[in-house]
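Keeping their order, the protein sequence lines are chains A and B. Numbering of the first sequence is given in the working numbering, commencing with residue 1 and proceeding in unit increments. Numbering of the second sequence is given in the working numbering, commencing with residue 1 and proceeding in unit increments.
These are calculated hints, taken from the structure and not from any lab test. Careful: at least some of the hints might be erroneous.
As the list claims (entries may be wrong) - Only part of the chain A face toward chain B is listed, based on derived beta-carbon distances under 7 Å:
#1 10
#2 13
#3 14
#4 146
#5 147
#6 228
#7 234
#8 235
To be verified - Counterexamples of contact, computed for chain A against chain B with all Cβ distances above 10 Å:
#9 148
#10 181
#11 223
#12 262
Glycine residues also receive a C-beta, built at the ideal position from the N, C-alpha and C atoms.
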Amino acid sequence: MSSFSGKTFIIARHEFLKTVKRKEFLLMTFIFPLFFMAITIFPTMLAGMIPAEDQKIGYVDMTGSFNFPGPITDEGFSAGPFGAKTSTISFIMYGEASEARQALQAGQISSYLVIPEGFLEAGTIELYTFEKEVAVPGVELSAELSDIVITSLLKNRVDESVLNRVKDPVNLKLYNVGEHGEPSEQGIAEILTNFGLPILTGFLLFFSIFSASSYLLRGVAEEKENRIIEILLSSTTPSELLKGKILGLGAVGLLQIVVWLAVITLGGRYVLPIRIEPMLLFLALIYFLLGFLFFASMMAGIGAVTSSLQESQQVAGIFTFAAISPLLFMQLLLTNPDSSLSIFLSLFPLTSPVAMLARIGATDVPVYQVLASISILFISVHGVILFSSRLFRAYLLMYGKRPGLKEILKSIKAGGR
Amino acid sequence: MHTVEFESVSKSFAEKDIIGDISFSVRSGEIFGLLGPNGAGKTTLIRLLLDIIRPDVGEIRVFGDFLSSAAKDRIGYLPEERGLYRKMKLLEMLVYLAQLKGMPKKQAQLNAESLLKSLELYEHRNKKVEELSKGMQQQIQFLSAIIHNPELVILDEPFSGLDPLSTKAVKTRILELRNSGKTVVLSTHMMEQAQTLCNRILMLNKGKRVLYGTVDEIRREHGKNSLIVEFVEKEGLNAIRRFPA
């Protein structure tokens, strides 16, 4: 395989500029992050900006055994630069349900609770709100009521420490034990980094393959349709043409990914405490580039062999499915990363980019396996580019019926003559 | 000196012989005609010359050597199946095609502008190709083949689809190319065009060499034995039956 020539870069530049000016590209690249921002950042920002409402809740205790506390201040949820917004719940006692109802209608309270006489047997507390409001108790109110019930039932009967344990029975902490036996605490950041990043990379790889290969397929189909392909082949070699297209559209895919990652990183920091290990990021980049080259070369070969855009998209669908297949095995890869199937998936070039990243997140993968996986993928990329350029030479100027598998294999063997 | 040399070249597709043991050469500075009916193998021969496809057997030399990527830059090509980037702006497309022929961008820009001015198309330089008339597109197609000032120009059926006025203009351009020292390979299925324009001719039929030589040589050798048959609408093919042979 010859090295990159000047013509390869001219073609790459042409493909890059042609694609980034497309409306669909601009829409996909910039609308997708805006959508992401819309569903993650804005609700958080709004939650931070809108002050929480203080509530006055009435109650009627028919059992006569509950001790409601004074006003309870909730610390609220802190997100982004806005800080936490506190809210206060005040409980007001009424002797009769009718009094509480009148207070609700007069707007003195936002809702009222009725604790029936048979509460101990049934465990039911009734919440009444105004007709137009939905009677759904807030998370804070349910938690506060549970606290009040437990305190009322057990205070002075058990120790303070037992009372606290009943209120908050278990705090599960996760620890990882290292190779030398040293334990380290596994926080939400580690869990998200270990499992979130491989899944995120898998999705990004899938999306970039999907969008860039569709541009590639469409480009080749258009050039075949416009009959300009013959002029191009009279000026360049099929290999230069193929490499130029892949390089140009690879740059388009990378630009798209950089925009998406920047938005996810900047926006995601408000809501997700993701910490990315530089080594993992480096490996993710290597697998992303090689995986992209592998699939894009394959798509270009398909574009050359098939006779129409529709047909090429159908054939390409099979390989797109292969690209996302590791996501189907994600549970196996994360829970049983050292199984034979997991190792195979992380070495097989169709699945290795996503599968190896998932395994790295879940276990300590031996260095030789990572090197073997990258080497196999690297050799496969060279092989696919060679095959695809032979298909380019053999079939780019053929219109009409698609050649059979036997004929395609014969052309590859014959060097695309 | 020979610009193009074919030595015992054969090519088949799906076990069907398209080109069978063809040898010929094109001399520098001449207009060389590839003559033959549709399906004779003229376009395949041109694609072999340009290394778009490769021969099963035989050797092809261009500018005295096997065709390299650099040698491709010295060739201009007008394919039979006309093709342009319909969505691209005219000047932008011409500069891109010239760059693919190894011309630096600035030089390509200057050449494109100068040629567009000579054809009075300069004012359309920022229009998309699809916005131009069919006649203009045909002129642009020809222009894209010569924008990089090639030494060898290959024209595959350059007159197909042209009106008489455009045909005359293209003929003039071909003669201008030869007068400026370029070598021209011209493929056509019309004998009359080959006779008036070409110095030498290779006639093909079903991928085989039928005639090869200068127009005068061919006339001398085969002129006496040739017969022009003109059909009169009334009589049709019956007229030919009157001849005893």
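Hint check:
Interface hint status for residue 10 (chain A): upheld, as the beta-carbon distance to the closest one in chain B is roughly 5 Å, under 7 Å. Interface hint at residue 13 (chain A): violated, since its Cβ lies 9 Å from the closest Cβ of chain B, which is beyond the 7 Å cut-off. The interface hint given for residue 14 (chain A) is met, as the beta carbon of that residue sits about 6 Å from the closest beta carbon of chain B, less than 7 Å. A cut of 7 Å between beta carbons decides the hint on residue 146 (chain A): the least distance to chain B is about 66 Å, and the hint is violated.
The criterion of a C-beta within 7 Å of any C-beta in chain B is not met by residue 147 (chain A), whose closest approach is roughly 68 Å, and the hint is violated. Below 7 Å, beta-carbon pairs count as interface contacts, and residue 228 (chain A) has one with chain B at about 4 Å; its hint therefore holds. Annotation: residue 234 (chain A) was flagged as interfacial toward chain B, and the flag holds, the nearest CB pair being 4 Å apart, inside 7 Å. Interface restraint check for residue 235 (chain A): the shortest CB-CB distance to chain B comes to about 4 Å, inside 7 Å, so the restraint holds.
With a minimum CB-CB distance of about 71 Å to chain B, residue 148 (chain A) clears the 10 Å threshold, and the non-interface call stands. Every beta carbon of chain B lies more than 10 Å from that of residue 181 (chain A), the smallest distance being close to 61 Å; the non-interface claim holds. With a closest Cβ-Cβ approach of about 8 Å to chain B, residue 223 (chain A) is found to fall inside the 10 Å limit, against its non-interface label. With 10 Å as the threshold on Cβ separation, the claim that residue 262 (chain A) sits away from chain B holds: the shortest Cβ distance comes to roughly 30 Å.
In terms of the numbered hints stated before, the structure departs from hints 2, 4, 5 and 11, listed from lowest to highest.
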